[in-house]
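Protein sequence lines, in the order shown, are assigned to chains A and B.
Here this note's numbering is used: the first residue of the first sequence is 61, the next is one more, and so on.
Here this note's numbering is used: the first residue of the second sequence is 10, the next is one more, and so on.
Honestly, the hints are just simulated from the structure, not real lab data.
Be aware that a few hints might be false.
Derived DSSO-like pairs (lysine-lysine); straight-line CA-CA distance at most 30 Å [as the list claims (entries may be wrong)]:
1. K111(A) to K56(B)
2. K257(A) to K179(A)
3. K351(A) to K56(B)
Nothing here was measured: the structure is a model prediction, and the numbers come from that model.
Residue strings, one per chain:
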Amino acid sequence: MLEHLHSQIDFSGCWLDMNEISNLCDGPCSSPAGPTVIDYTHDIPYHPGGKNIEMVNIPLNASHHGQRLEAFTHVFFGLMESYSTYEYLKGKGRRPFILSRSHTLGSSRYAAHWTGDNKSNFTFLKLSIGGTFMQNMLGMQMVGSDICGFGGNATEELCARFFQLGSLYPFARNHNEFDAIDQEPYALGPVVLEAAKKNLKLRYSLLKTYYREFLIRRGVGTIFRPLFFEFYNDSNLFQQEIMESQLLIGRVLMSAPIVEQGQTSRTVFFPGEGWFDLHTGEEYKGGSLSKIEVELTDAVPLFVRKGYLVFLQDSTNVTKTDQLGSTFQLWAGCNLVSSNATTWEYRAIGGLLALGDYDNSNDVDRCLAEECDYRITVTLLISKSTDSKQLTL
Amino acid sequence: MKNITARYRYVPIVEPSIRNKQGYAYEEGKKRNVYIQSAEGEDQVGKVWAGLTNFVDYFHPNAT
Numbered sequence: 061m062l063e064h065l066h067s068q069i070d071f072s073g074c075w076l077d078m079n080e081i082s083n084l085c086d087g088p089c090s091s092p093a094g095p096t097v098i099d100y101t102h103d104i105p106y107h108p109g110g111k112n113i114e115m116v117n118i119p120l121n122a123s124h125h126g127q128r129l130e131a132f133t134h135v136f137f138g139l140m141e142s143y144s145t146y147e148y149l150k151g152k153g154r155r156p157f158i159l160s161r162s163h164t165l166g167s168s169r170y171a172a173h174w175t176g177d178n179k180s181n182f183t184f185l186k187l188s189i190g191g192t193f194m195q196n197m198l199g200m201q202m203v204g205s206d207i208c209g210f211g212g213n214a215t216e217e218l219c220a221r222f223f224q225l226g227s228l229y230p231f232a233r234n235h236n237e238f239d240a241i242d243q244e245p246y247a248l249g250p251v252v253l254e255a256a257k258k259n260l261k262l263r264y265s266l267l268k269t270y271y272r273e274f275l276i277r278r279g280v281g282t283i284f285r286p287l288f289f290e291f292y293n294d295s296n297l298f299q300q301e302i303m304e305s306q307l308l309i310g311r312v313l314m315s316a317p318i319v320e321q322g323q324t325s326r327t328v329f330f331p332g333e334g335w336f337d338l339h340t341g342e343e344y345k346g347g348s349l350s351k352i353e354v355e356l357t358d359a360v361p362l363f364v365r366k367g368y369l370v371f372l373q374d375s376t377n378v379t380k381t382d383q384l385g386s387t388f389q390l391w392a393g394c395n396l397v398s399s400n401a402t403t404w405e406y407r408a409i410g411g412l413l414a415l416g417d418y419d420n421s422n423d424v425d426r427c428l429a430e431e432c433d434y435r436i437t438v439t440l441l442i443s444k445s446t447d448s449k450q451l452t453l
Numbered sequence: 010m011k012n013i014t015a016r017y018r019y020v021p022i023v024e025p026s027i028r029n030k031q032g033y034a035y036e037e038g039k040k041r042n043v044y045i046q047s048a049e050g051e052d053q054v055g056k057v058w059a060g061l062t063n064f065v066d067y068f069h070p071n072a073t
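Generate the whole structure from the sequences, applying the supplied hints.
Laid out in structure tokens, this is it:
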């Protein structure tokens, strides 16, 4: 049936909504309900919340292809729709982008996900960090919450803060319900517009780093993750405030966005050996707590781990996948590894994909099949001598 | 409309619910016999944004 639409518009993905399957009838629409073959009390021992298990669902005795009952296939429907849609679009010769509201284990091979109908308030802004962590832990790495919130009216302050955090979600999208006031980047005034521009540009400049994170993990592990996943011996990171409001992108980037209403500054805990502010270069010692200021129009706080590399690109030149292979800047968070009276050795490590054409499916598949992540070590050796000043890279 | 996708990516929203007994999509699904079945052995009827609907069964190999 997709073929009919595709013959008119050459679409490159599908956004699969309402596929839990949502049904406003709470089971059968006919009244009274038809005969059931499911004894809920025996066949389905777990009732989430003690509510009617057919609430906003099709009847559990409905059947799918091959006599499979809805009661036993419910959680797989989103996966099956994602799979079928992916396979159809792959046949059109493109790497499809499928976005699905329902997913289960295995879905991330075919689909991305958003965290469903959130609300335009600060509670949901903060919850989106844990929500994105959780989806990553479930194997769904390409995920994010609706920026500015879906239900209800967004404010200038909320929307600016949402653009700051949301630009770091693996899947970043502003999405709104029909009845709420407009919340496009330009709809809420110059402050939100400035926040959106600055933070989305930051995101685009980091796409090469994100892309590598996705490729090297091959669908396994987490990308948007809690700090204790990396620094698991540091018990400070189990403090609720840190767990709920600081995050890592991969192993190298850390953020501490403002997620509380009325705040323009916050404290940040810096685990490990230390961090550099990506925007200013300022260094923060490992184990320290610092207060940082973040205005509504600022870029989201982002820190580079000491001893590691980040790849940055001109945001105006990476609006297409094939541009990810073009020129880039290497941002090195150099760590002093040894020194004596006359020499200082600094080091930063990272990885770079041996991938020229990022838009070529065959190249990407080859990169996935073989080891194509090349380890880079930047060593700065500074020697002091009487007759010459020498810098070795 | 075909030309739009040369420069832009187009991602339409798709729902598994198809408006009951009306229009091209319903007829196409009926022809392929890909709707989820009720316990009574008929196309399961539900209610979504389009009003009364049937549901495409993505367990069926002909669903897309």
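Hints, verified against the model:
1. K111(A) to K56(B): 20 Å, holds
2. K257(A) to K179(A): This hinted pair holds, its Cα atoms lying about 23 Å apart.
3. K351(A) to K56(B): Judged against 30 Å, a Cα distance of about 52 Å means the pair is violated.
Hint 3 alone, counting from the list given before, is not met by this structure.
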